[in-house]
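Protein sequence lines correspond, in order, to chains A and B.
Per the numbering used here, the first sequence starts with residue 1, numbered consecutively.
Per the numbering used here, the second sequence starts with residue 1, numbered consecutively.
Fair warning: there could be bad hints in the mix.
Quick list of the computed label-pair ranges, beta carbon to beta carbon [stated by the list, open to error]: (1) B:Glu18 with A:Gly53: 45 to 55 Å; (2) B:Ala72 with A:Pro39: 40 to 50 Å; (3) A:Gln80 with B:Asp57: 24 to 34 Å; (4) B:Gln80 with A:Glu15: 22 to 32 Å; (5) B:Asn52 with A:Ala68: 35 to 45 Å; (6) A:Leu3 with B:Asp57: 16 to 26 Å; (7) A:Ala94 with B:Phe74: 16 to 26 Å; (8) A:Tyr22 with B:Arg111: 21 to 31 Å; (9) A:Gly16 with B:Asp57: 20 to 30 Å; (10) A:Gly40 with B:Arg22: 34 to 44 Å.
Calculated from the structure, these hints are not laboratory results.
Just so it is clear, the structure is predicted and the values come from calculations on it, not from any experiment.
For every residue, glycine included, the Cβ atom is placed at its ideal position computed from N, Cα and C.
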Amino acid sequence: TQLLEQSPQFLSIQEGENLTVYCNSSSVFSSLQWYRQEPGEGPVLLVTVVTGGEVKKLKRLTFQFGDARKDSSLHITAAQPGDTGLYLCAGFNAGKSTFGDGTTLTVKP
Amino acid sequence: DAGVIQSPRHEVTEMGQEVTLRCKPISGHDYLFWYRQTMMRGLELLIYFNNNVPIDDSGMPEDRFSAKMPNASFSTLKIQPSEPRDSAVYFCASSNPAELDQPQHFGDGTRLSIL
């Protein structure tokens, strides 16, 4: 069984602060995806990282894939209330994704 | 383009009743996934199909759960008989291996409450 652990589980910060969310596993994945989910909706893909050590930036969001392709991090700079949501990482192998338990982020104005 | 369409959006029924959840994937997507999401267990993969064929149903909790995909544009997840512990949000997702990064496109889910 491939398990993904995310930390922290909950995070509440003020607007303008920086934060990092972690996603760790003992399994190697061919790629790792980050999704964001808002209440009443399904998860929406933010980014996919494929190469060990890869760094991708999406505006104020920076995603990194570990060298061994077992872990990943999501860093948000100058968080805004619109960043509030559930962030899910998912390890991808052979057509199937395994999801972590998610990090619930609340950004207060 | 229409995304993944799930129905109903909400379902409230009494335990013991049969429940059928429906999903229309994005046209042209070869893969279809059924997930269940709860606060306690997070997002769990129940079963997935490739070209209408079930590939992995190891996540289906028990024999009360069954899923079918009679054609490329329709899938059902059935629970019979339903129990209160089945209460959750059920998501359907589809993907296309030819799409860069093969993202899963999720529907808005069915919120199921078993009384």
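Right, here's what the structure says about each hint:
{"no.": "1", "hint": "B:Glu18 with A:Gly53: 45 to 55 Å", "result": "holds, 50 Å"}
{"no.": "2", "hint": "B:Ala72 with A:Pro39: 40 to 50 Å", "result": "violated, 31 Å"}
{"no.": "3", "hint": "A:Gln80 with B:Asp57: 24 to 34 Å", "result": "violated, 41 Å"}
{"no.": "4", "hint": "B:Gln80 with A:Glu15: 22 to 32 Å", "result": "violated, 48 Å"}
{"no.": "5", "hint": "B:Asn52 with A:Ala68: 35 to 45 Å", "result": "holds, 36 Å"}
{"no.": "6", "hint": "A:Leu3 with B:Asp57: 16 to 26 Å", "result": "holds, 20 Å"}
{"no.": "7", "hint": "A:Ala94 with B:Phe74: 16 to 26 Å", "result": "holds, 25 Å"}
{"no.": "8", "hint": "A:Tyr22 with B:Arg111: 21 to 31 Å", "result": "holds, 30 Å"}
{"no.": "9", "hint": "A:Gly16 with B:Asp57: 20 to 30 Å", "result": "violated, 47 Å"}
{"no.": "10", "hint": "A:Gly40 with B:Arg22: 34 to 44 Å", "result": "violated, 18 Å"}
When the structure is compared with the earlier hints, violations turn up for hints 2, 3, 4, 9, 10 and for no others.
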